[in-house]
Amino acid sequence: MRIRIEKRPIPSRLVSVLTLLLSLLLALIVGGILLKAVKADPIKTYRAMALGAFGSRYSLSETLVKAIPLMLCGLAVSVAFRMLFWNIGAEGQLAMGGIAAAGVALFLPPRAPHLPSWLLLLLIAIVGFMAGALWGLIPALLKAYIRVNEIITTLMLNYIAILLVEYLFYGPWKDPKGYGFPGTAEFPPVAWLPRLPGTRVHLGLLFALLAAIFIWAVLSRTKWGYEIRVIGENPRAATYAGISLVRNILLIMWLSGGLAGLAGMAEVTGIAHRLTKGLTVGYGFTAIIVAWLAKLNPWTVLIVSFLLAGLLVGGDQIQITMGLPASVALILQGAILFFMLGAEVFKQYHITIEWRRRSSIHEETGV
Amino acid sequence: MNTALFVSMLAVTVRAGTSLLYATIGEIFTERSGVLNLGLEGMMLMGAISGFAAAFHSKNVWLGLAVAIAIGGLLGFLHAFLTITLRSNQTVTGLALTIFASGLASFLGQRLGPQGQPLVGQIGPRFERLALPVLSNLPLVGRALFQQDVLVYASYALVPVAWFFLYKTRPGLHLRAVGENPRTADAMGINVTRIRYLYTVIGGMLVGLGSAHLSLAYTPGWTENLTGGRGWIAIAMVIFATWDPVRAWLGAILFGGINAVQLRMQAAGTTIPAAFLHMLPFFFTIVILVAITWWEAFSKRVGAPAALGTAYVREEKG
Amino acid sequence: MATNTPAVRMTGITKRFPGVLANDHIDFETQPGEIHALLGENGAGKSTLMNILFGIYRADEGEIFVHGRKVRLNSPRDAIKQGIGMVHQHFMLVEVQTVAENVSLGLAESRFFLNLGQTKGRITELAQRYGLQVDPDTRIWQLSVGEQQRVEILKMLYRGADILIMDEPTAVLTPQETKELFNTLRRMAAEGHTIIFITHKLDEVMAISDRITVLRGGRVVSTVCTSETNKEDLARMMVGRPILFQVERIPVEKGDIVLQVENLQAQNDQRLPALKGVCFTVQQGEILGIAGVAGNGQRELAEVITGLRQAIGGCIRINNMDVTNCAPCRIIEKGVSHVPEDRLGMGLVPNLSVSDNIIMKEYRQPKLSYGPFLNRLSIWRFVDRLIKLFDIATPSQETPVKLLSGGNLQRTILAREISALPNLLVAMHPTRGLDVGATESVHKMLLEQRSKGAAILLISEDLDEILALSDHIAVLYEGEIMGILPAEKAGVEKLGLMMAGALREMPPATSPEQCAEPVEGKVS
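Chains as they are written, first to last, in the numbering used here: chain A, 1 to 367; chain B, 368 to 685; chain C, 686 to 1209.
Where hints are given, some of them may not hold.
Unchecked claim - Dumping the calculated SDA-like pairs for lysine to any residue here, alpha-carbon to alpha-carbon at most 25 Å:
#1 B:535 x C:819
#2 C:1052 x A:205
#3 C:1087 x C:1029
#4 A:277 x B:657
#5 C:805 x B:634
#6 A:277 x A:225
Just so you know, these hints were derived from the structure itself, not from any lab.
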């Protein structure tokens, strides 16, 4: 038996959709096997996850809550990936945004007590964005001027940022009334991002939607978007055409880091109202998966974020309702991704399997 | 600093860096063949938990080691299959592997203990320290270097063996050629696919070995996030070492040293600087990487295998 | 004809790639001790056929016999086992490794320890026997192109290849190196080796081969003995009609000097000197042809002028303004257009649409944009006009450009570059890989631009093209201009000698007597 692989001139759309569905199915099956192995009922578990994620108004709102940072980071990562800048550092950029936001939220209101909430929040948003943007500019500068591999630099900066967060809320910014619970003091209400009444869904959702619109408009309608597309497809041609790689790398990472920073800002001012461990739980990494699954399209990023958030929330739910570890959700996520990655090959290439053995060099061409 | 302190810190340095050394050399082999495996963190977690679980239930530490190595190899094979045969994007696949394997390790950690209870905090068999006959009596270094467990000793041997293999043997030559110029290697009759598979799996096995050291000797045992980012540091270390086994050893020493210093400071009761000490390996990696990249621009070819990260396809009309 | 068993016999070979039938039931055979030329234009299927013989591709249909035995060649390793060796156009060498390491790569002997001493000894032996001098300990990137080719040949001989396939081997050699290569090949043939020589150059075919097989459009046109044919017949077989070796070039009045290059110095990618003080000028309405064997600084010259490479000395002036080391976008603004040699790698973005590719130069202009936004409507009109004007065959504006044929790719690039109404057009190998029809239309376009007063810098390894189009011809050899001659005074022999570095002439009186003092790169 021999497998012959020929490149398709145009990737097939039909196969795309089919493989998406197939991957989901296979992932569910793999998860099911695992669940069976620990004596849990797969169907019951999946139902519980689905209900836990989308079954009630409360679950939906919780899913949205988790989706917001995924959306913002997903958009951040996707826009960098468009230009072949592998920003693996969304987690760190998010963390820096959170730090900056927390810094302003904790220390400004006492000194400027008459500052209206909306203005304070606007300021915090800007600061959060800029902090993430600057953190993203470091690897961008290194890449643009010295050509340092950004996968490693962004990755390393993640851990530096995460450690910095820990240092701050365990150390100088520790809540004096904390009773040993690790975290900063709670922000004053004037620095709380408004929520949808009755839920925890906060204004960050609006940020995400606006960001998606902005990115879509830039990519499809502006000169900048055109340059991004050219660079992403053929950097050599871009240079030849006079498009400045340096300028674009810096700009895109300013935007990408900034959006991730905004995600961090939204998390601390919208959900926790303080800087804690719960900030760096992996949104930045999951966002990479989101961006890839969404094929870097901003609207699809929003949808995929929502679905993946549902998966995570569902996972949390079964921990409570069925005593199963939340890591089931992570396993499912990984499995879906594996199958989708594997399925990519069918989209790009035409696979023929030849079963019959031949004694000469005569072969049949595949269909 | 008195000698007792020096010796104890040296001992800790070596021990702390061992798992990282295995993982780094494993990834060096993988990357030399042209495959980038970012899944190390997940693989180490999986290797550690499965090794510990196997040792715990069978009361046999060698079985645990074997299982850890096998799991590492299996996950390496998975990565190879996806990226080589199915030609998926190496970066995303590696990250997917990390997420999947970390999640699975966490899951198993909750379930693989006695009667389905968590394995966290359980005590299992471990590799005890073994003093080597003559060598452990050497002044200063004797106690530090030669009163370690068997896996540490094996790592001493690994570095020169890996170096020799890479540069002085025919398979090593072929490996290097595949990573530099797969088209040429292919045209010379070298089976590029087979080599990439082989060394990705071997790399995975070494990663598994390293993770076994964590759960069966260093810590020992299992907790959430046992590896503490070592998988990511190993990826950085490969660059730090410029894909050379001997320099990888230097990197492991550096990392181990930082760990040793940090432990000492913790023992002395200071927690605040710990975070900054932990940042050092990551920070240094960036500095080294910048230095190497800058230097590479002026000297010739001291850098990455030229074909790293790209899939190799033969049937393409040029 | 031959009563001996053929060294190689291929029957009914068919090979399809997506969208193209590269080999169509080809029958081919060679005798032992013969130098057999495989002649055809670019894209005729010669390389494909030989890649099948070497096991890199597998034929869809057909059979192969080596010395009478039917064989199945699934990989280069199988081919090598059968005694077949191939020296490719693009060398298959690992640059960072030494000659000895490269030669011993993938050897059938499975000795574990790398003992290169023996290998080096045998290499030296073979080198002396066939006249292929090279030091086994040097790294590949340190060798010249001609030397690298010798390594490739040695690689094959080391493995006992008695059938040697050479794919366009002289594309990168000077006339002198070509002569040496031919001597080597004759020596090998005399010892019983079979040589298959892929080329599209008629002169070489007549000089070296015993028999010739002509391919056209994936099929065999004919197999003849060299002694029984001539260049005109071969040309006819190659293209199916007599080629006109000349194109109409009417005299055009020259204007001001557009491009002035003074004492230009630059390095190549290996940081070795590639341009060592180049001086020339190009006027409005003039085509200056830069002749020379590939690898003598042509690429670096084009890149320095268009801002894609740094000049480490000297000066470039366009319309009297110093543009040395300016960024590409500044140079584009000065009215410079660049048709690069690497179409899909640099000149175009394969995955983007025809429309996206055509606006790559002008998208910043107010006519195609307003503020930060692209003006969709005017872009559509602009692209539509150019598609019609330049006769680009494409299903639609949105078709990804990678689906276009070679000729249409080049038309797309030219459409874009010419519509910008350049003052200076730098055209590098503009007709490489194009069929005769496409070549003709490109030549016409270049001459048209010349009539409109553009200054054209034509860099090409096709001497016929240079002779046909240029008003003046400069020869570039090892980074220096050997001479600049008006077209009427430039004969093929003289140019050939200059291309080999054997002749150096003073530049004509119209250029500055002496170049300006070297200036450390200036930005305007």
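Does residue 657 of chain B lie within 25 Å of residue 277 of chain A when you go C-alpha to C-alpha? With a Cα-Cα distance of about 31 Å, the restraint between residue 277 of chain A and residue 657 of chain B is violated, given a limit of 25 Å.
Could you grab the alpha-carbon distance between residue 1087 of chain C and residue 1029 of chain C and see if it respects the 25 Å cut-off? Holds: residue 1087 of chain C and residue 1029 of chain C sit about 8 Å apart, inside 25 Å.
Compare the distance between the alpha carbons of residue 1052 of chain C and residue 205 of chain A with 25 Å, and conclude whether the hinted pair is satisfied. violated, 38 Å
Would the hint linking residue 535 of chain B and residue 819 of chain C be met if the CA-CA limit is 25 Å? The hint holds at about 23 Å.
Next pair to validate is residue 277 of chain A with residue 225 of chain A; report whether the Cα-Cα distance is within 25 Å. violated, 37 Å
Can you confirm whether the C-alpha distance between residue 805 of chain C and residue 634 of chain B stays at or below 25 Å? violated, 60 Å
Hint violations for this structure: numbers 2, 4, 5 and 6, all remaining hints satisfied.
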